[in-house]
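**Q** Sequence:
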Amino acid sequence: MLSERRLEVLRAIVQDYVGTEEPVGSKALTERHNLQVSPATVRNDMAALEEEGYIAQPHTSAGRVPTDKGYRLFVDKLADVKPLTTAERRAISSFLEGAVDLDDVVGRTVRLLATLTRQVAVVQYPSLSRSTVRHVELLSLAPARVMLVLITDTGRVEQRMVDCPAPFGETSLADLRARLNSRIVGERFAEVPALVQDLPESFDNEDRGTVSTVLSTLLETLVEETEERLVIGGTANLTRFGQDFPLTIRPVLEALEEHVVLLRLLGEAKDTGMTVRIGHENAHEGLTSTSVVAVGYGSGNEAVAKLGVVGPTRMDYPGTMGAVRAVARYVGQILAEN
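Here this note's numbering is used: the first residue of the sequence shown is 14, the next is one more, and so on.
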């Protein structure tokens, strides 16, 4: 275990390196921070931190930089999440509240996160598997053709065309719509199949084939992996950090193009808890020079999806964590209200 003084020295090194982009020396630390010890003591503490792998000397200068291990200790023990100012909170609220539908909410969230953190923002669409049914609409397009519209509690809308085996009248369609909604509105998707399995038997023989076809389309919609949708924004922000990536940022950009990789990273985030993956903690080779800060969003204590940012390991962790958490909270509130 590191002493409190050495923890403070590590905190000061991380803060200075993130702020200045320059390796940090003992003289600069004693001048900038009230460590209440001599430069010689700070040098000894830095030597101990280096020996234990928390900081490293990038070249022959006297300065040191944090390692992945040092950033991890900083995040776990030393970083107080930086609260947003009243003006920032008001700006987030007004920007997101102007959204007209779910696509607009996700799009605005990505732009907002990228602007606030100056990193790459990643937002996953709400997962269907964690959603509940708000409404099912059935619209007649032709005597034997129906449009099925599924609306979730998160505002997600899924549309499917259903070709019926026989003509289906407006009265029968209205009857099916009413019975269907009375059974499944407010229910989790996983519960729906059991709730509708006997529904065709309650209709006349000539309508049962069409009812079964509509239900099959509905159930297919519920189980499709449509939650594997995400939006990325702010990739150009990476160009500001060219010096933070060994050799080139190309591997990072290639990894960001692989949505499966990003979905896996976001999937490691706890439901509504904050997850911070630093450097080599990211399994994908292209992201070993980056950190990922992610959190779930949704109503209450259950997340319906994840959002977060990807940036260099030399990141303002307290500020980034505060921004990600605040945006997730506002997005959850908007989805709950709408």
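These are calculated hints, taken from the structure and not from any lab test.
Do not take every clue at face value.
[Unchecked claim] Once the Cα atoms are required to be at most 30 Å apart in a straight line, the calculated DSS-like pairs of lysine-lysine come out as:
# : residue 1 : residue 2
1 : K40       : K90
2 : K95       : K82
3 : K40       : K82
4 : K95       : K40
[What the hints assert, rightly or not] Across the chosen pairs, the derived CB separations fall in these ranges:
#  : residue 1 : residue 2 : range
5  : G199      : A179      : 26 to 36 Å
6  : A249      : A187      : 21 to 31 Å
7  : F108      : E171      : 23 to 33 Å
8  : S225      : K90       : 54 to 64 Å
9  : R263      : A157      : 28 to 38 Å
10 : A296      : D93       : 24 to 34 Å
11 : E44       : S142      : 49 to 59 Å
Backbone N, C-alpha and C define an ideal beta-carbon position, used for all residues, glycine too.
**Q** Against each hint, give a clear statement of whether it holds in the structure.
**A** Results for each hint:
Taking the CA atoms of K40 and K90, the gap is near 25 Å; set against the 30 Å cutoff, the hint holds. Distance restraint check for K95 and K82: the Cα-Cα separation of roughly 21 Å lies within the 30 Å cut-off, and the hinted pair is therefore satisfied. For the hint pairing K40 with K82, the CA-to-CA distance comes to about 23 Å; that is within 30 Å, so the pair holds. Among the hinted pairs, K95 with K40 is consistent with the structure: their alpha-carbon atoms are about 27 Å apart, no more than 30 Å.
Between G199 and A179 the C-beta distance comes to about 31 Å, which sits within the given range of 26 to 36 Å. The supplied range of 21 to 31 Å is broken by A249 and A187, whose beta-carbon atoms lie about 51 Å from each other. At about 27 Å, the beta-carbon gap between F108 and E171 stays in the expected band of 23 to 33 Å. Distance hint check for S225 and K90: the Cβ-Cβ separation is about 59 Å, which falls inside the suggested range of 54 to 64 Å.
For R263 and A157, the Cβ-Cβ distance of about 53 Å falls outside the hinted range of 28 to 38 Å, so the restraint is violated. For the pair A296 and D93, the supplied restraint of 24 to 34 Å holds, since their beta-carbon distance comes to about 29 Å. The hint said 49 to 59 Å for the Cβ distance between E44 and S142, and at roughly 55 Å that hint holds.
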